[in-house]
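Protein chains: 2
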Amino acid sequence: MLHSIERSIPATFAAMKVSVIGTGNAAWHFAHIIKLGGHDLLSVWGRDTAKAKAMAHEFGCALPDSPIPEVQPDLVLLAVSDEAIQGLSATASGNWLMAHVSGTVPIDFLKNERRGIIWPVQSLTAGIPVDYANVPFCVEADSAADLELLSSLPSAFGGAVYRTTHEQRNLLHLAAVFACNFSNHLYTIAERITDKAVVPFETLHPLIEFTAQRIQSISPSSAQTGPAIRKDALTVMRHLELLRDEPELANLYRYFTQLIQDTHS
Amino acid sequence: MLHSIERSIPATFAAMKVSVIGTGNAAWHFAHIIKLGGHDLLSVWGRDTAKAKAMAHEFGCALPDSPIPEVQPDLVLLAVSDEAIQGLSATASGNWLMAHVSGTVPIDFLKNERRGIIWPVQSLTAGIPVDYANVPFCVEADSAADLELLSSLPSAFGGAVYRTTHEQRNLLHLAAVFACNFSNHLYTIAERITDKAVVPFETLHPLIEFTAQRIQSISPSSAQTGPAIRKDALTVMRHLELLRDEPELANLYRYFTQLIQDTHS
Numbered sequence: 168m169l170h171s172i173e174r175s176i177p178a179t180f181a182a183m184k185v186s187v188i189g190t191g192n193a194a195w196h197f198a199h200i201i202k203l204g205g206h207d208l209l210s211v212w213g214r215d216t217a218k219a220k221a222m223a224h225e226f227g228c229a230l231p232d233s234p235i236p237e238v239q240p241d242l243v244l245l246a247v248s249d250e251a252i253q254g255l256s257a258t259a260s261g262n263w264l265m266a267h268v269s270g271t272v273p274i275d276f277l278k279n280e281r282r283g284i285i286w287p288v289q290s291l292t293a294g295i296p297v298d299y300a301n302v303p304f305c306v307e308a309d310s311a312a313d314l315e316l317l318s319s320l321p322s323a324f325g326g327a328v329y330r331t332t333h334e335q336r337n338l339l340h341l342a343a344v345f346a347c348n349f350s351n352h353l354y355t356i357a358e359r360i361t362d363k364a365v366v367p368f369e370t371l372h373p374l375i376e377f378t379a380q381r382i383q384s385i386s387p388s389s390a391q392t393g394p395a396i397r398k399d400a401l402t403v404m405r406h407l408e409l410l411r412d413e414p415e416l417a418n419l420y421r422y423f424t425q426l427i428q429d430t431h432s
Numbered sequence: 168m169l170h171s172i173e174r175s176i177p178a179t180f181a182a183m184k185v186s187v188i189g190t191g192n193a194a195w196h197f198a199h200i201i202k203l204g205g206h207d208l209l210s211v212w213g214r215d216t217a218k219a220k221a222m223a224h225e226f227g228c229a230l231p232d233s234p235i236p237e238v239q240p241d242l243v244l245l246a247v248s249d250e251a252i253q254g255l256s257a258t259a260s261g262n263w264l265m266a267h268v269s270g271t272v273p274i275d276f277l278k279n280e281r282r283g284i285i286w287p288v289q290s291l292t293a294g295i296p297v298d299y300a301n302v303p304f305c306v307e308a309d310s311a312a313d314l315e316l317l318s319s320l321p322s323a324f325g326g327a328v329y330r331t332t333h334e335q336r337n338l339l340h341l342a343a344v345f346a347c348n349f350s351n352h353l354y355t356i357a358e359r360i361t362d363k364a365v366v367p368f369e370t371l372h373p374l375i376e377f378t379a380q381r382i383q384s385i386s387p388s389s390a391q392t393g394p395a396i397r398k399d400a401l402t403v404m405r406h407l408e409l410l411r412d413e414p415e416l417a418n419l420y421r422y423f424t425q426l427i428q429d430t431h432s
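Listed in order, the protein sequences are those of chains E and C.
The working numbering numbers the first residue of the first sequence as 168 and each following residue consecutively.
The working numbering numbers the first residue of the second sequence as 168 and each following residue consecutively.
A couple of the hints might just be wrong.
It does not matter which identical chain is used: a pair holds within one copy or between any two.
Result set (EDC-like, lysine to aspartate or glutamate): computed pairs, CA atoms no more than 16 Å apart in a straight line [as the list claims (entries may be wrong)]:
{"#": "1", "residue 1": "Lys220", "residue 2": "Glu280"}
{"#": "2", "residue 1": "Lys202", "residue 2": "Asp241"}
{"#": "3", "residue 1": "Lys184", "residue 2": "Asp313"}
These are computed hints drawn from the structure, not numbers from a lab.
This structure is a prediction, so every number in the text was calculated from the model and none was measured.
Only chain E is shown next, with the shape it has when bound in the complex:
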């Protein structure tokens, strides 16, 4: 069994010199977090030089020719795709703390002596600032001091920072795929059905929002409603009849109905 994770509260503030590698959604948000937190954003580097140039201009920092600038950073954030982490970390290794921002990549993919991970449990889009106090962050590092350094970035905004193990971060990532990526696909299916009915999909917006908000006050297991948990065989039969020309959706419907009934039996 895994140990319960702790909420990290760094003791002191120390401004860091930070270099960001990457020009995507996460890179933009970490550049934003660093600036807002009063740290020194030394540089932004990316293989997409046009994007890197735009970001360096936006955040008023250097645009070095290589991943690491001349001024030595305290922290290098590898905000790049999972596949690029290993290769870039070898190129950008040095005396600094190097951290990636992925929900799944293990820490030993980083080819550096001082290693860490800082993963935001939120979907972030470049150019759209969010309230970082409302974004949970998972942090990992080899040393307690580096854990402290990483934790200080988001905790400056007052949000929750969790010290996770590799397995905890991976399980949380998996749980997010079920709760969010797969739910979004269910919304996609619902839109296909409302399109078929020539009913605006917006009709479902309030109920979708309610369903997502309800589980903030009660456990999703207690919040379950609908024909499956009620064992309402007549409604299930009517629904399957509506799906007579959609065998794949009928299968998924039957599968969920069974899962819900098994879970709550």
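Based on these hints, arrange chain C on the given structure of chain E.
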């Protein structure tokens, strides 16, 4: 193909005398809507006499011995379980408009000359008032005049009222099961995984809320993210490895991954 539904805007306000049959969640909310809308709530009747008494007391109306009070109502609302609609409608039939509030039961289950349906597309809990301007209602009736009567109930609050056919209402109900009941089961699975990781489920609250809100501005199909749509085989493999002791969840994971890839190929 079904006809596009219209948003109904009643022309005039006329106070109605209304009898509510039922004492559950929907009955409570319709009693509330009737009072708030300036109508005359004549009576509440239910087989659960204690609950009926409490509701009649709360809303200051009569508690008749039989479903219909002595004063003749303009409208009788059958806010009871699907199974009870047919039987009760025979007992309570008369010269008035009779309407049920179900998302699936056909209009001809009502044993009355003047028939209608008013279905709120929202999960409503007795005792917890909601902003009815944010609840979409589907209405059906045999005559245009009765459609107008039913539409006037929720539209007094400024919310959307849709004139649906039986098939449209049923498809919308089915879509809600996919988007809400099944999503809630995915939240339940996510909580099981975070429990296993000994990570608080709250860590996922902001992402779940974001996912539900995002589809209010972009189509869920455009909003899809995650390893399945990215064809990120390595992450999918890591996730399935985490589910090695949960063959049922691994199946569901594979099924969704395939569905997402088929939908977006």
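I want to check one pair: Lys202 and Asp241. Are their C-alpha atoms no more than 16 Å apart within a copy, between two copies, both, or neither?
For Lys202 and Asp241, only the intra-copy Cα distance (15 Å) is at most 16 Å; the inter-copy one is 65 Å.
Within, between, both or neither: Lys184, Asp313 at alpha-carbon 16 Å:
Cα proximity of Lys184 and Asp313: one copy only (14 Å, versus 71 Å across).
From the Cα coordinates, with 16 Å as the cut-off, is the pair Lys220 and Glu280 best called within, between, both, or neither?
For Lys220 and Glu280, neither the intra-copy (29 Å) nor the inter-copy (73 Å) Cα distance is at most 16 Å.
In this structure, only the earlier hint numbered 1 is contradicted, and the remaining ones agree with it.
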